[in-house]
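Here is how the chains run, residue by residue.
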Amino acid sequence: MKTIYIICKYEALTFIRSNLFKTGILVVFLLGVYSIFHGKSEIDHQKDSLVEIKKHETTNMAITQANFKNDTFAYIIGNLTFKLVDNPPSSWANLSIGQRDIYPFYVFLRYWSLSRQILTTEINNPEKLLVGNFDLAFVFIYVFPLFIIAIGYNIVSSEREGGTLHLLLSNPISIYQVLFIKLLFRWVVVFLLAFVLMLLALIICTIQFDAVLILWLLTTALYFTFWFGIILIIAKLSKSSSIDALSLVCCWILFVLIIPTVINLFLTNFYPPSPRYDISHTIRHEYEGIWSNFDKRYHVAQSRHSDNSETTDSSKLNDIKEISVLFDSYDEKLGPLFTKYEKLTLDKEAIGQELSLLSSAALTQQIYNCLANTDAKSYFNFLEDVKTFHKELKDFFFKKIFNDQLFTKADFAKIPNYHFKPENTPKHAFKSILYLFIWTTLVLGIGLKMRFKKI
Amino acid sequence: MLKTKHLTKKYGERFALVGLSLDIEPGEIFALLGQNGAGKSTTINCFLGFVKPTSGQVYVNGLSVVDHALETKKYLAYIPENVMLYSNLTGVENLEFFSALAGFNYTKKELGKMLFKVGLQISANDQWVSTYSKGMRQKVGIAIAIAKNAKALLLDEPTSGLDPKASNEFSNILNELAKNDTAILMATHDIFRAKEIAGRIGIMKEGSLVSEIKSSDITTNELEKVYLQTV
Amino acid sequence: MYKIISRKEYAMLIRDRRFHILATIVTILLIVSMWAGFSAYKIIRNETDFISKESRSHWIKQGSKNPHEAAHYGSFVFRPKSELSFLDFGVTSYIGNSIYLEGHNHNEPKFSQAQESSGLIRFGDFTVAFIFYTLLPLFIIFMCFNSFTIEKEEKTLKLMLSQGIGLDVIAWGKIEGFSKCLAWVFLPCLLISFGLVIIGTPGGVSFNTFMRLFLNTIVFGGYFFVFICLSVLVSIWSKSSRNALLILLGVWVMMCIIIPKLSANLGGFIFKAPKNFEFTESIRKEVLEGIDGHHSADVRLNKLKQTILAEYNVDSLSQLPINFDAIVMQEAEKHSSQVYKKYFDSLEKIYQKQNYISDIFSLIDPFITVRNFSMSLAGTDYKTALEFQRQAEQYRYNMVEKLQNHMRDYSKTGDWEIKVNENFFAKIPEFKFKKFSINDTITQNWLSIISLFVWIQLCIRFISNLKNFKMNDL
Numbered sequence: 001m002k003t004i005y006i007i008c009k010y011e012a013l014t015f016i017r018s019n020l021f022k023t024g025i026l027v028v029f030l031l032g033v034y035s036i037f038h039g040k041s042e043i044d045h046q047k048d049s050l051v052e053i054k055k056h057e058t059t060n061m062a063i064t065q066a067n068f069k070n071d072t073f074a075y076i077i078g079n080l081t082f083k084l085v086d087n088p089p090s091s092w093a094n095l096s097i098g099q100r101d102i103y104p105f106y107v108f109l110r111y112w113s114l115s116r117q118i119l120t121t122e123i124n125n126p127e128k129l130l131v132g133n134f135d136l137a138f139v140f141i142y143v144f145p146l147f148i149i150a151i152g153y154n155i156v157s158s159e160r161e162g163g164t165l166h167l168l169l170s171n172p173i174s175i176y177q178v179l180f181i182k183l184l185f186r187w188v189v190v191f192l193l194a195f196v197l198m199l200l201a202l203i204i205c206t207i208q209f210d211a212v213l214i215l216w217l218l219t220t221a222l223y224f225t226f227w228f229g230i231i232l233i234i235a236k237l238s239k240s241s242s243i244d245a246l247s248l249v250c251c252w253i254l255f256v257l258i259i260p261t262v263i264n265l266f267l268t269n270f271y272p273p274s275p276r277y278d279i280s281h282t283i284r285h286e287y288e289g290i291w292s293n294f295d296k297r298y299h300v301a302q303s304r305h306s307d308n309s310e311t312t313d314s315s316k317l318n319d320i321k322e323i324s325v326l327f328d329s330y331d332e333k334l335g336p337l338f339t340k341y342e343k344l345t346l347d348k349e350a351i352g353q354e355l356s357l358l359s360s361a362a363l364t365q366q367i368y369n370c371l372a373n374t375d376a377k378s379y380f381n382f383l384e385d386v387k388t389f390h391k392e393l394k395d396f397f398f399k400k401i402f403n404d405q406l407f408t409k410a411d412f413a414k415i416p417n418y419h420f421k422p423e424n425t426p427k428h429a430f431k432s433i434l435y436l437f438i439w440t441t442l443v444l445g446i447g448l449k450m451r452f453k454k455i
Numbered sequence: 001m002l003k004t005k006h007l008t009k010k011y012g013e014r015f016a017l018v019g020l021s022l023d024i025e026p027g028e029i030f031a032l033l034g035q036n037g038a039g040k041s042t043t044i045n046c047f048l049g050f051v052k053p054t055s056g057q058v059y060v061n062g063l064s065v066v067d068h069a070l071e072t073k074k075y076l077a078y079i080p081e082n083v084m085l086y087s088n089l090t091g092v093e094n095l096e097f098f099s100a101l102a103g104f105n106y107t108k109k110e111l112g113k114m115l116f117k118v119g120l121q122i123s124a125n126d127q128w129v130s131t132y133s134k135g136m137r138q139k140v141g142i143a144i145a146i147a148k149n150a151k152a153l154l155l156d157e158p159t160s161g162l163d164p165k166a167s168n169e170f171s172n173i174l175n176e177l178a179k180n181d182t183a184i185l186m187a188t189h190d191i192f193r194a195k196e197i198a199g200r201i202g203i204m205k206e207g208s209l210v211s212e213i214k215s216s217d218i219t220t221n222e223l224e225k226v227y228l229q230t231v
Numbered sequence: 001m002y003k004i005i006s007r008k009e010y011a012m013l014i015r016d017r018r019f020h021i022l023a024t025i026v027t028i029l030l031i032v033s034m035w036a037g038f039s040a041y042k043i044i045r046n047e048t049d050f051i052s053k054e055s056r057s058h059w060i061k062q063g064s065k066n067p068h069e070a071a072h073y074g075s076f077v078f079r080p081k082s083e084l085s086f087l088d089f090g091v092t093s094y095i096g097n098s099i100y101l102e103g104h105n106h107n108e109p110k111f112s113q114a115q116e117s118s119g120l121i122r123f124g125d126f127t128v129a130f131i132f133y134t135l136l137p138l139f140i141i142f143m144c145f146n147s148f149t150i151e152k153e154e155k156t157l158k159l160m161l162s163q164g165i166g167l168d169v170i171a172w173g174k175i176e177g178f179s180k181c182l183a184w185v186f187l188p189c190l191l192i193s194f195g196l197v198i199i200g201t202p203g204g205v206s207f208n209t210f211m212r213l214f215l216n217t218i219v220f221g222g223y224f225f226v227f228i229c230l231s232v233l234v235s236i237w238s239k240s241s242r243n244a245l246l247i248l249l250g251v252w253v254m255m256c257i258i259i260p261k262l263s264a265n266l267g268g269f270i271f272k273a274p275k276n277f278e279f280t281e282s283i284r285k286e287v288l289e290g291i292d293g294h295h296s297a298d299v300r301l302n303k304l305k306q307t308i309l310a311e312y313n314v315d316s317l318s319q320l321p322i323n324f325d326a327i328v329m330q331e332a333e334k335h336s337s338q339v340y341k342k343y344f345d346s347l348e349k350i351y352q353k354q355n356y357i358s359d360i361f362s363l364i365d366p367f368i369t370v371r372n373f374s375m376s377l378a379g380t381d382y383k384t385a386l387e388f389q390r391q392a393e394q395y396r397y398n399m400v401e402k403l404q405n406h407m408r409d410y411s412k413t414g415d416w417e418i419k420v421n422e423n424f425f426a427k428i429p430e431f432k433f434k435k436f437s438i439n440d441t442i443t444q445n446w447l448s449i450i451s452l453f454v455w456i457q458l459c460i461r462f463i464s465n466l467k468n469f470k471m472n473d474l
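Chains as they are written, first to last, in the numbering used here: chain E, 1 to 455; chain Y, 1 to 231; chain V, 1 to 474.
Source of the hints: derived by calculation from the structure; they are not laboratory data.
Among the hints, erroneous ones may be present.
Across the chosen pairs, the derived CB separations fall in these ranges [to be verified]:
hint, chain 1, residue 1, chain 2, residue 2, range
1, V, Val205, E, Ile203, 56 to 64 Å
2, V, His104, E, Glu384, 50 to 58 Å
3, E, Ser158, V, Leu447, 38 to 46 Å
4, E, Ala211, Y, Asn82, 33 to 41 Å
5, V, Val205, Y, Gly12, 55 to 63 Å
6, E, Cys250, Y, Lys52, 43 to 51 Å
7, Y, Lys52, E, Glu161, 52 to 60 Å
8, Y, His68, E, Phe270, 58 to 66 Å
9, E, Ala12, Y, Asn82, 43 to 51 Å
10, E, Lys69, V, Ala310, 38 to 46 Å
11, E, Ile204, V, Met254, 23 to 31 Å
12, Y, Gly12, V, Ala183, 51 to 59 Å
13, V, Ala11, Y, Gly62, 28 to 36 Å
14, E, Leu13, Y, Asp23, 36 to 44 Å
Quantities reported herein were computed from a predicted structural model and do not represent experimental measurements.
Cβ coordinates follow ideal geometry from the N, Cα and C atoms, glycine included.
When you get a sec, could you build the whole thing from the sequences and use the hints?
So this is what it looks like as structure tokens:
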């Protein structure tokens, strides 16, 4: 115990006096702080967007309601009713933006054909998408391992090359103890730095303390420990400090750059991105089938420049009923195609997730995104919500249209509203955490088991 | 106190030590002479446990080094040929660190005293070791060894890089330690100093002890002659 | 004199086990990336070709119908894969693969690869270019970091200098030696990729493609030269091999990982792009209200009516020899296209400003320079994608115009029975994406070219100045 204290005390002293360490810690800290603000600004942008649409929805409804005089046909109000179905960012999304910048996070929905409304895209700068987000997850996954390598690569080799190792070991302490204590000390330093950044993030982004925080910290601790395990193994191979640094950077490249990108390449080859022409073609073809009957009539009506107010004759009402039925079968026809591609993407995602177990960095990214609900799964859950809500909205108006009920003032309050239900515990993160735990134990186990090649 | 029995160390096909048997009593200074590669440093490394013997035994204070690697080091102090220290710690801090590892808590004053005793100028005490010369580092190394209050002292060319005055002072310190029952094993090239301070002198060649001489039985010139004949 | 040194360095390095291991790894990675990239390219290209044909035949065989309905029916365009795209995927993964072209609406490209990928895509694409601009600099650093420090540590440098050789001569010798070794990795890869380009391009490689590949070689060559010089210089200035390695690794991390990401994100942080909803709403509103907001659709319609009636010298629409409905629709199309273009251009301007920030960083970071240039040459950069979108929009407008004009000229107002058939649809030409010429690409990348040139100049200057280096400084 006393030995631990002594070594840690002098390690701290050496660190404080080392310019490399001071610069390193400052750089990592500043990058971390920047990443927090960056993540917040990106997520705030999305939040603002949602607030704006919500406001739009409210004013839209207010105007409709204000213009409402007598009871009228339900389809007229239905056509004017847009409802926001959103997938608001969780507070953890500030720290791990994940795929949120790629997937749409809201649909402004009407009661008619879902297929025509669901294929939205987010606008974004592709060059920015290409380099990815500079969020805290990036700093933890990419930058921290480099910092760990920078302060730990020569943990024993520096003593050997500096000539202090023999003098040190002439004392009643073994090289294993020295290595272990030094690693432990560095681990604490690194984790504290990460912890401080986490606290800052909690304050800056006003994140609530909850179970996710524990899981996030656990993941971070496991990931860092993994890298210390690698350092342990390299240190025990007892090469020169230059070779140590080279090997560690190679490990970093392997786990952070090569394995994830190669998995991705593999996925691209086996699931090549498709222009999805079948779905696009069906969407327009079937749509035309519906409209070819009606479109002409309206165009003729329009060209007569009769007043723009909706006609109330029964032929129109019958048209509406017919169109509604056709749209419903349209959605039904397209359903399998949508499901096909959804399934394809989910399969791809699932295989990617399984293959991610080859790289601790990919696993960690997955866990962070999963905890923050910013992964592809979250998007597809959202799509399900959209479908459910659309059905609710559609049923509401259809009931009135097909029962020949008029829309009354009181009905405004009955129009369904969408309420986002946050997922409580991202259960699918547990498996990845388990994988990460196995990686870490494995690496650490091998590292601890190994003997020094030389002293 | 320091004892080896038929100690043999093989590196691949090459023998570094061949059946070396030594026995150094408390209070005795034993000097090992020999050319580079004769096995002097390997012997010292065997006592420290850095080198695992191929066969034979190494004992410190009656304990086998192989079986009690950590405990035997409590009785040992070691000064390498070229003392290297933590360069961004000061002399005092280095001394404090190593003595603390050995289990001693000295006050700043006591540490200063020890450094003064080995002849380090007081102004250097609180400077970073990176500014030290080789001799200054060597002196701190000696202080570290003294601070450990060890029962046995292992010296690997301890006086290399010391000026004659410091060298002389070092000899005095060794004599003083020996008087307090410390066993000292010193590997050296310096025939003159070996004759002057050691009680017994061993000459090594190709890993074995070829002759062992009591220093009181021989003059420096004769010793030199024997040395040259042997190697 | 430096020939001797270069020969010695080359001979030493080519026998070095470290070189063998690293070169083998890099070569394997290059082959994997090339093979996988090329096979994905072929699959996607074949599919795109097939689907383009299918889409065309759907368009032609849509049955005889009213021209305006045909405009509604619309057609699709698919982003073609450029011949060099397997070398560098660029931003293409993040841009939709197809655009639906129809009357009235301006659709965004849909179905990007990123949307159907797992989160792993954010780690980047494993392409030849990725290996070239991220991993090869590291390879160079590993080979060169101790080129001088080891000679200093073993005191052979002083020995050489005492023979009267200038430090700059030694440095040039080493640089040449290293370059030759690197060529063993770089050139075979280029040859293979050239072979693949020939295989992958039905109908022969165009001069444009050939020039692009050639320029690619030069750009990467220059980039590697900068890294070799940088490594050698750091090795000269460093006290020990370890320091040199640490500094170079730090430089690598900054140049290849942190700064590119930081600069692109900084751009987005400073120049905020409008929100998607805001963007589409503004367009919708302005289409409804008229460009300056004063002329609502009704006012415009009346004005148009008066003009046309006056032009044909008649009093009512029914007397017109042409179809007024078609004129109205075409006017609306023209108007909405203008509005759309205005907003689209302003959005692009913001993106360009964002990207400009990272372009400025390219002056201090050759990585960004080479990445942008390589994307550009491969035809997978944002500007090319944008050009595709512009041409598709132009094509859409022309297609709709042609249909509406036919309706205008061959029917009378209120006549919705007029039909066009297969022959007419076939007359509307197929969409062909006109790629940037090599000159365009060079002009677009002037900043990159200058920055790379400046870097190379600086390296040459620094190395040549080494002859004034004092021996004591070592």
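Worksheet item: Measuring from beta carbon to beta carbon, are V:Val205 and Y:Gly12 in 55 to 63 Å?
Response: holds (59 Å)
Discussion item. Taking 51 to 59 Å as the stated bounds, is the beta-carbon spacing between Y:Gly12 and V:Ala183 within them?
Written reply: violated (40 Å)
Practice prompt. For the range 58 to 66 Å, tell me whether the beta carbons of Y:His68 and E:Phe270 fit it or not.
Written response: holds (60 Å)
Worksheet item: Is 36 to 44 Å a correct range for the gap between the Cβ atoms of E:Leu13 and Y:Asp23?
Response: holds (42 Å)
Item to complete: Could you say whether the range 52 to 60 Å given as a hint is met by the Cβ separation of Y:Lys52 and E:Glu161?
Response: violated (22 Å)
Worksheet item: Given a hinted range of 43 to 51 Å, is it respected by the beta-carbon distance of E:Cys250 and Y:Lys52?
Response: violated (31 Å)
Worksheet item: Taking 38 to 46 Å as the hint, is the beta-carbon distance of E:Ser158 and V:Leu447 inside that range?
Response: holds (43 Å)
Worksheet item: When you take the CB atoms of E:Ile204 and V:Met254, is the distance between them in 23 to 31 Å?
Response: Once the Cβ atoms are compared, 25 Å apart, the range 23 to 31 Å for V:Met254 and E:Ile204 holds.
Worksheet item: Quick one: are E:Ala12 and Y:Asn82 within 43 to 51 Å, going by C-beta?
Response: 27 Å Cβ-Cβ, so the 43 to 51 Å window is violated.
Worksheet item: So the hint says 50 to 58 Å: do the beta-carbon atoms of V:His104 and E:Glu384 match that?
Response: About 31 Å separates the Cβ atoms of V:His104 and E:Glu384, which means 50 to 58 Å is violated.
Worksheet item: Is it true that E:Lys69 and V:Ala310 lie within 38 to 46 Å of each other by Cβ?
Response: For V:Ala310 against E:Lys69, whose Cβ atoms are near 40 Å apart, the range 38 to 46 Å holds.
Discussion item. Quick check: does the Cβ-Cβ distance between E:Ala211 and Y:Asn82 fall within 33 to 41 Å?
Written reply: violated (56 Å)
Against the hints set out earlier in the document, violations occur for numbers 2, 4, 6, 7, 9, 12 and 13.
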